[in-house]
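K.L.:
The primary structure of each chain is shown beneath.
Number of protein chains: 2
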Amino acid sequence: MSTLNLTLLTDLYELTMMQGYFKTGNHDVAVFDAFYRNNPSGGAYAICAGLEQVIDYIEHLSFQKEDIDYLRSLGIFNEDFLEYLSTFKFSGDIYAIAEGTVIFPREPLVKVVAPIMEAQLIETALLNIINHQSLIATKAARVCYAANGDGVMEFGLRRAQGPDSGTYGARAAIIGGCKGTSNVLTGQMFDVPVLGTHAHSWIMSFPDEYTAFKTYAQLYPDACTLLVDTYDTLNSGIPNAIRVFTEMRDAGITSKSYGIRMDSGDLAYLSKKARKMLDDAGFEDAIISASNDLDEYLIQSLKIQGSQITSWGVGTNLITSKDNPSFGGVYKLAAIQKDGGDFVPKIKLSENSEKVTNPGNKTIYRIYDKETGKIRGDLICLVDESYDTSQDLKLFDPNEPWKKTILPGGSYTMKELLIPVIKNGKAIYHSPKVMDIQKFCNKEKETLWDESKRFVNPQKIHVDLSQKLYDIRNQLLNQA
Amino acid sequence: MSTLNLTLLTDLYELTMMQGYFKTGNHDVAVFDAFYRNNPSGGAYAICAGLEQVIDYIEHLSFQKEDIDYLRSLGIFNEDFLEYLSTFKFSGDIYAIAEGTVIFPREPLVKVVAPIMEAQLIETALLNIINHQSLIATKAARVCYAANGDGVMEFGLRRAQGPDSGTYGARAAIIGGCKGTSNVLTGQMFDVPVLGTHAHSWIMSFPDEYTAFKTYAQLYPDACTLLVDTYDTLNSGIPNAIRVFTEMRDAGITSKSYGIRMDSGDLAYLSKKARKMLDDAGFEDAIISASNDLDEYLIQSLKIQGSQITSWGVGTNLITSKDNPSFGGVYKLAAIQKDGGDFVPKIKLSENSEKVTNPGNKTIYRIYDKETGKIRGDLICLVDESYDTSQDLKLFDPNEPWKKTILPGGSYTMKELLIPVIKNGKAIYHSPKVMDIQKFCNKEKETLWDESKRFVNPQKIHVDLSQKLYDIRNQLLNQA
Chain A
0 MSTLNLTLLT DLYELTMMQG YFKTGNHDVA VFDAFYRNNP SGGAYAICAG
50 LEQVIDYIEH LSFQKEDIDY LRSLGIFNED FLEYLSTFKF SGDIYAIAEG
100 TVIFPREPLV KVVAPIMEAQ LIETALLNII NHQSLIATKA ARVCYAANGD
150 GVMEFGLRRA QGPDSGTYGA RAAIIGGCKG TSNVLTGQMF DVPVLGTHAH
200 SWIMSFPDEY TAFKTYAQLY PDACTLLVDT YDTLNSGIPN AIRVFTEMRD
250 AGITSKSYGI RMDSGDLAYL SKKARKMLDD AGFEDAIISA SNDLDEYLIQ
300 SLKIQGSQIT SWGVGTNLIT SKDNPSFGGV YKLAAIQKDG GDFVPKIKLS
350 ENSEKVTNPG NKTIYRIYDK ETGKIRGDLI CLVDESYDTS QDLKLFDPNE
400 PWKKTILPGG SYTMKELLIP VIKNGKAIYH SPKVMDIQKF CNKEKETLWD
450 ESKRFVNPQK IHVDLSQKLY DIRNQLLNQA
Chain B
0 MSTLNLTLLT DLYELTMMQG YFKTGNHDVA VFDAFYRNNP SGGAYAICAG
50 LEQVIDYIEH LSFQKEDIDY LRSLGIFNED FLEYLSTFKF SGDIYAIAEG
100 TVIFPREPLV KVVAPIMEAQ LIETALLNII NHQSLIATKA ARVCYAANGD
150 GVMEFGLRRA QGPDSGTYGA RAAIIGGCKG TSNVLTGQMF DVPVLGTHAH
200 SWIMSFPDEY TAFKTYAQLY PDACTLLVDT YDTLNSGIPN AIRVFTEMRD
250 AGITSKSYGI RMDSGDLAYL SKKARKMLDD AGFEDAIISA SNDLDEYLIQ
300 SLKIQGSQIT SWGVGTNLIT SKDNPSFGGV YKLAAIQKDG GDFVPKIKLS
350 ENSEKVTNPG NKTIYRIYDK ETGKIRGDLI CLVDESYDTS QDLKLFDPNE
400 PWKKTILPGG SYTMKELLIP VIKNGKAIYH SPKVMDIQKF CNKEKETLWD
450 ESKRFVNPQK IHVDLSQKLY DIRNQLLNQA
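Those protein sequences? They're chains A and B, same order as listed.
Per numbering that gives the first Met the number 0, the first sequence starts with residue 0, numbered consecutively.
Per numbering that gives the first Met the number 0, the second sequence starts with residue 0, numbered consecutively.
The shape of chain A in the complex, shown without the other chains (with noise of 0.2 Å):
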């Protein structure tokens, strides 16, 4: 992605309604809201990924002469509209959540402000990007909190959706806690640990198993991790890998790491008798990691059988998001400025209740309690208002206004969510190193009580309206 141009990363639909707004001479500055409507696989909340790519794809707009000429060889853009993309440049404002943080559903990740044209056109590639990364984040982090402290691994490039599916996808596995990946590509990238041993074509290249281990002992006895069950995981592969660990250690070799890896069977029944064994033979520091179709729900169930497996390598189910590998981010118009003017709000109502939006220009407050400091709420407002923490605050869920909650001044505190990162078309925020974006979300990840990450009805958090919005929203309601 750093060297593909994805200028025409971008659905036909923008291009043909940019021309409308070229042709009609609209220059109105737009306000779009990126956000989604859903948490992933019936949680109570998501985590924010994909923004330095998005800043990146921003940046790096800009209309090649192949462009160029790929477009007006579908007849349908006149020559002034192409000559105008010739030269194109974004030039608006962008406001984002910082990545890695606790998001929730219904408010904007990302707010665009430019002129409608531009606004448009950036539509498709910014949720492409931040859809992808914030799915896999949000699903890293709720297989790691199963994990419950274990080193988790992504291992899922093989049955990733492509190759930047992988790459990318393992950035924001990492973001949402995974220890490491196995994807060196992304290890290049973003500089975070690649992790990985062998496969079982190492162990059947070998006239024998044992032979397999030893050869692999010997290559790499700071990172040795042996796979058990190419042939028989109890009654060879273990006794095998026991054997190697011994000539290591008869042979005075001290291992940084060392362990054995399962990756088919009855992984809790396979592990306790691993621990048995290994731990009869003198190797209680050896490592069990196992690997095979987990994801969170099956990690918990393995720890609540008694598993003695410390080490996660998770693929499929965590790379793909399995059981919902989608995150239904929309981009949504809410306010049009005319000739400098006010924002005017913009509302899209829908015969689905859910598809109705929250008008204006907008941004995002987090309400932590401040003793505990655990979020209270969120509370969507338009920009001009403002707050006094000293002063109470009046909550009120906008699908039922009846059910307030006063919280006393003093007892919050608040910050404002959405950060500036573009200005004018130029990037003014610099992202943090993705190791440093893991250190945030795991601190934003405390700021949710257990009730709130469980994977059985999570409490949700409430994200409320500020009077001033609902009262725009429901005049609206009521206009249309």
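Just so you know, the hints here were simulated from the structure itself, not pulled from any lab data.
Here the structure is a predicted model, which is why all the values come from computation and not from measurement.
Do not rely on the hints blindly, as some may be mistaken.
Since the list gives no way to pick out one identical chain from another, each pair is judged satisfied if it fits inside one copy or across any two copies.
[Said to hold, decoys possible] Here are the simulated lysine-lysine pairs, DSSO-like style, with alpha carbons at most 30 Å apart:
(1) 444 with 321
(2) 337 with 213
(3) 321 with 452
(4) 354 with 213
(5) 354 with 321
(6) 369 with 459
(7) 302 with 354
(8) 22 with 255
Based on the hints, put chain B in the right spot on chain A.
P.N.:
Below, chain B without anything else, positioned relative to chain A:
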């Protein structure tokens, strides 16, 4: 993908194993099979796709200086191995099933015959590409089967799992039968139709819906699909669309293609109402198209309900293959040739019996009924076996070998599915254009009876083993 260097798009363990083979002087030639175990979405077939990108990847495999520097920085690779990598070129042979072919579980889609070091390196990227595109091509074939001749458009870029996922996913969707895609980059890269009109934001940017429609119709009279559900489909959207169509008709403007699109609400009910309203106004040729979380099941259900939609825009559920978002292809060692001798078959056992592999250097014959041209079954055999279609052919199920079928000589035809695509590291196969692959795929789908294409409990196609292969497999199982 065409410009990003994908050489490091690999799992770390491929490189650690490679170094292991390098240091132990293992120059054996290995046969690896890429195959899948279960058809997506409970179907009875899949569609093979991605070969063009695999060939492209193989031909561009090359470690650049920055790649070598990065690998050195990991502290696990020796200088002599890094030196070897710095001039690395793939030198082996690859056989594959042509893109667009109907395929079945357990048959090798791609067979790699190469020095084991080289064959190992390419595992991850090869699987990533084939898994992704075969998944989406298969889903598209299912959606198009449900649409029963209506046009299906791929509209999923914003919900795809990253840029490549959208771009190559759209390529695969077109192979599987989609008429076009909204993704302009895919259109440019693969010379396939791009489609699309406008979004809700277009409507909302105008003072009223009528003006938005009118302006659009003036700009694009020849592909004038108006989105009618921004405010109220039946009371506002369709009446305004009819008003604009009437004005066009009155002005003597004829349109190549015009109609309405609905993106929310009860599509069965609304489309029937819309059809009547359009017909009553004399617009019998106006097309009713729809989007909104469509998939093969919903399209089939809408058709059963008598929906009047004849053009389908399918997004999220197609581009992510939502109900089954991974293809599950694997890459397994099947044989090893030492010092130019015979290929020695290799088998992988497993606690999970479905993970036991088919050993040997194999090929696949497809058997057709001579009269109908429909598939009778597939036969996996060793490369040195040959068949005479004038003779009777005995087939048996490898899982239930007592169930035998005799095909009388002359009643069937056979076609070898694996074709050589790379020879000594050089491409010897020129991939057809995507629209030609689509045509080929449409013919392929006709080789299946409807009984195998239906969604509920479809009739499985037999994939049998030759007697010789079956005996070798049993012998290796008994030895182990």
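K.L.:
Each hint should be assessed against the structure and marked as holding or not.
P.N.:
Against the structure, the hints come out as follows:
For a Cα distance limit of 30 Å, the shortest separation of residue 444 from residue 321 qualifies both inside one copy, at 22 Å, and across copies, at 27 Å. Taking the shortest Cα distances, residue 337 and residue 213 sit within 30 Å of each other only across copies (21 Å), while inside one copy they are farther apart (74 Å). Taking the closest pair of Cα atoms, residue 321 and residue 452 come within 30 Å of each other both inside a single copy (19 Å) and across two copies (24 Å). Within a single copy, residue 354 and residue 213 get their C-alpha atoms only as close as 60 Å, which misses the 30 Å cut-off; across copies the closest is 25 Å, which meets it.
Proximity of residue 354 and residue 321 under a CA criterion of 30 Å is satisfied in both settings, with 25 Å inside one chain copy and 21 Å between copies. For a Cα distance limit of 30 Å, the shortest separation of residue 369 from residue 459 inside one copy, 20 Å, qualifies, whereas the shortest one across copies, 62 Å, does not. Taking the shortest alpha-carbon separations for residue 302 and residue 354, only the inter-copy value of 25 Å comes in at or below 30 Å, while the best intra-copy value is 40 Å. When the C-alpha separation of residue 22 and residue 255 is checked against a cutoff of 30 Å, the pair qualifies only between copies, where the shortest distance is 22 Å, while the shortest distance within a copy is 67 Å.
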